[in-house]
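Q: Listed here are the chains, written in short residue letters.
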Amino acid sequence: MKNGFAVFFAVIVALGGSWLGFVVAPAIQLGKAKQAVILNSTDTWPQQRTGEATLGLQIYRANGCAACHTEQIRQDGVAAEVTLTSLGKSKPEDLKAFVRSLFILPELATLTNDLAATLKDWKGDLPATILTTSDKAVADAFADRLKAAGAKSETRVVAIGADLPRWGVRRSVAADYLYDFPVQLGSLRVGPDLADVGARLSDANWQLLHLYAPKLSVTNSAMPSFKFLFDVRKIGSTPSPDALNLPPGFAPAAGYQVVPKLEAKELVAYLLSLRADAPLYEAPFSPITSAKP
Amino acid sequence: MNSAENNLDCNAKIDASCRVPLLALFGGAALWLVVGLMLAVLASLTFHAPEMFARCPFATYGHLAPAANDLLVYGFAIPAGLGVVLWIFARLSHAELVLPLVPVVAANLWHLGVFIGLATILGGGGSGFTWLEFPRVAAMLLGVSFVLIAISAVATFAQRQERELYPSHWFLLAALLWFPWIYSTANLFLVTTWPVRGVTQAVINWWFADNLVFVWLALVGVGVAFYFLPKIAGRPLHSRFYALFAFWTLILFGTWAGIPQGAPVPAWLPTTSALASLLLVIPLIAIAVIVFKTVWGANTVCKGGPFCYLRFGMTAFILSGLLLIVQACPQFSRVLEFTWFGAAQTQLQILGFFAIVVFGAIYEILPRLVDGGLPFPKFVRAQHWCFMLGTLLLVGSLAFAGVKQGQAGLDPAAALPGLRIATLGWTFFLLGSLLFAANIFVMTIRWKLSLVKIVIAYIKSPLETSEVKS
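Line by line, the protein sequences give chains P and F.
With the numbering used here, the residue at position 190 of the first sequence is 190, and numbering never jumps.
With the numbering used here, the residue at position 138 of the second sequence is 431, and numbering never jumps.
Simulated from the structure, these hints should not be mistaken for lab results.
Check the hints yourself; a few may be wrong.
Only part of the chain P face toward chain F is listed, based on derived beta-carbon distances under 8 Å [to be verified]:
id	residue
1	9
2	18
3	20
4	21
5	23
6	74
7	78
8	79
9	169
10	172
11	183
12	221
13	222
14	262
15	265
DEER-style ranges, computed between Cβ atoms [as the list claims (entries may be wrong)]:
id	chain 1	residue 1	chain 2	residue 2	range
16	F	437	P	43	44 to 50 Å
17	P	281	F	625	47 to 53 Å
18	P	44	F	534	56 to 62 Å
The C-beta atom is built at its ideal place from N, Cα and C for all residues, glycine as well.
Just need the whole structure built from these sequences, with the hints factored in.
A: What follows is the structure in structure tokens.
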């Protein structure tokens with residue numbers, strides 16, 4: 001290590017590698033991304049936001065909402081599900097006994113515990129998902145055996161993950177963020193994920209009430225109240241049409257009303273514009289395929 | 294005997310040449326550390342009483358948390374680290390600091406930039422990118438000041454009398470090169486009117502965050518520790534070859550970590566990142582071996598002094614690296630991603646590792662800078678305890694909160710008990726930082742008073758004698 005310049009050059013190469021890999025390469029690969037086409041449709045995704053929602057994105061940024069909220073729905077992988085749709089002539093008890101007799105099969109060895117638990121809870125109602133496995137071939141073989149026993153079933157491939165379907169109907173993909181600046185994916189969920197909040201909680205009034213007093217809808221919410229986005233005004237000759245309809249305990253003094261400022265309305269417009277509810281080629285809705293009638 | 298006296302004399306001259314720049318860098322760093330930790334305590338109070346700041350926009354969690362984080366890294370970590378780098382370079386070169394006025398000006402510009410950045414974030418002007426919230430003006434000030442300080446450091450480096458590079462040289466020179474590179478890249482691509490499109494912004498942001506918080510802090514922290522550990526332990530670094538190996542593997546693998554596993558980006562990005570993170574175990578083992586073999590069996594008495602700081606800090610670094618690797622394993626990241634576990638790792642890296650290593654170095658340097666030494670030498674040990682307890686409480690409780698939250702399916706309520714203990718951890722850090730601030734500010738004031746005394750003595754000194762002589 002006596003030659004300072006050789007070391008300097010080698011350091012530049014070593015560091016520059018990650019620069020090329022994680023700055024230049026993604027910029028080339030994703031920088032010219034265009035809108036995606038929605039599955040089974042000619043419409044494109046995503047749509048450009050309205051002016052109000054674009055301004056709302058800046059309110060979201062200015063208040064650092066991304067410190068506590070993410071905007072990404074993850075998918076861990078896919079699984080094959082076998083769902084019973086008809087029992088044929090057999091009774092639920094017979095079918096349970098039949099499935100239990102299959103426990104000796106080697107391919108079901110790792111699944112018997114889950115299967116036994118599912119059968120124990122199942123009261124014979126249809127349709128019922130009785131087997132979930134990561135191996136489609138196992139699911140198909142299982143469905144064939146059910147068929148042989150006279151029952152009908154469907155084998156479906158479904159997306160799995162802790163976020164699905166809790167926070168959205170499909171995972172987030174790169175295309176969803178095409179028009180965002182800044183893109184605020186967030187890294188910490190102190191509160192819920194917001195990638196699909198516009199579809200999940202589409203009532204603008206609910207959103208305004210929630211911003212004004214988070215504890216109204218979630219009693220133990222850790223979200224700070226954003227009262228500074230609202231005006232408390234004296235009610236004049238007629239109440240403002242925008243005034244919040246607050247329950248007692250949250251309402252201001254008699255003769256006063258709570259009216260959202262422009263910022264609050266813009267923020268809500270942005271929140272409602274957050275949707276991940278169009279099926280795309282790379283992220284179709286679950287179930288992905290259905291087979292085995 | 295004679296050469297030793299010469300050496301002492303020479304070292305005293307070197308320390309004197311570093312005095313003003315280092316006091317400027319450390320003084321501002323101490324101020325921002327105190328302010329940053331105060332903001333962090335306030336932010337943490339949100340989890341006790343969310344309604345507290347409902348009427349003041351600048352004090353909501355979304356303003357306070359990024360402001361606190363930026364102050365810890367840009368306000369404290371980088372200037373404090375640069376001060377130590379300047380001193381190490383001067384000492385390793387056996388030369389006085391070259392262009393000593395440049396770092397003084399740069400330090401003041403830097404702290405001005407941090408002030409503008411802080412005001413902008415609290416006013417709602419943050420850019421929305423993690424670790425890049427500062428507006429363009431502040432970013433430009435920081436970039437220019439960094440380059441100025443780096444110029445002074447490299448010019449001092451060029452004065453060295455032996456061609457041989459020390460292991461610390463590699464780490465610190467790489468750090469001086471890497472920060473302007475990543476900071477300018479990230480700012481030019483993101484904090485601009487023509488940003489890159491869509492999710493590429495997030496990729497560049499992740500790349501920058503990893504390279505700033507993990508790689509840059511690691512380069513400086515480990516480089517500083519590799520200088521001071523052998524010095525204090527009175528044994529050579531074990532060994533040069535291991536250090537070289539650790540350096541190359543750290544910059545080869547560390548720079549590729551940081552893309553989260555569940556990210557909505559092309560799959561090759563998180564996969565490459567996971568692989569690089571797993572390979573990080575190689576430099577971690579190498580650094581652990583070096584530290585262990587250098588320190589083990591040394592006859593140095595610790596007593597809460599710099600040696601304790603460095604040992605604790607390096608242990609925290611190994612742990613922080615391991616937590617980073619855990620987060621990159623898909624199996625664990627499914628549970629831990631989006632939880633407080635990530636915040637635990639970040640704070641362990643910034644406060645548990647970097648701050649403590651740099652404080653160890655600063656407490657080794659400070660007594661030599663100004664005649665009379667530290668005003669409150671007992672505070673050193675007290676601060677060590679504050680920081681140690683702070684690290685255990687803060688990182689432990691945040692990691693615990695993260696695991697609980699992940700196991701409960703990301704239920705926010707599951708994290709609350711941990712977050713409330715974390716407030717206590719922040720408070721301990723704040724106490725410790727106040728002790729440091731007391732030392733550095735009293736020291737600076739004493740030094741300035743002594744300057745005033747010299748001037749007064751000069752003015753008052755009788756002129757007749759010289760006239761008589763002439």
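Q: Take the hints in turn and mark each one as holding or not.
A: Okay, the hints, checked on the actual structure:
| no. | hint | result |
| --- | --- | --- |
| 1 | 9 | violated (11 Å) |
| 2 | 18 | holds (4 Å) |
| 3 | 20 | violated (11 Å) |
| 4 | 21 | holds (7 Å) |
| 5 | 23 | holds (6 Å) |
| 6 | 74 | holds (4 Å) |
| 7 | 78 | violated (14 Å) |
| 8 | 79 | violated (14 Å) |
| 9 | 169 | violated (15 Å) |
| 10 | 172 | holds (4 Å) |
| 11 | 183 | holds (4 Å) |
| 12 | 221 | holds (7 Å) |
| 13 | 222 | holds (5 Å) |
| 14 | 262 | violated (14 Å) |
| 15 | 265 | violated (16 Å) |
| 16 | F:437 <-> P:43: 44 to 50 Å | holds (48 Å) |
| 17 | P:281 <-> F:625: 47 to 53 Å | violated (30 Å) |
| 18 | P:44 <-> F:534: 56 to 62 Å | holds (58 Å) |
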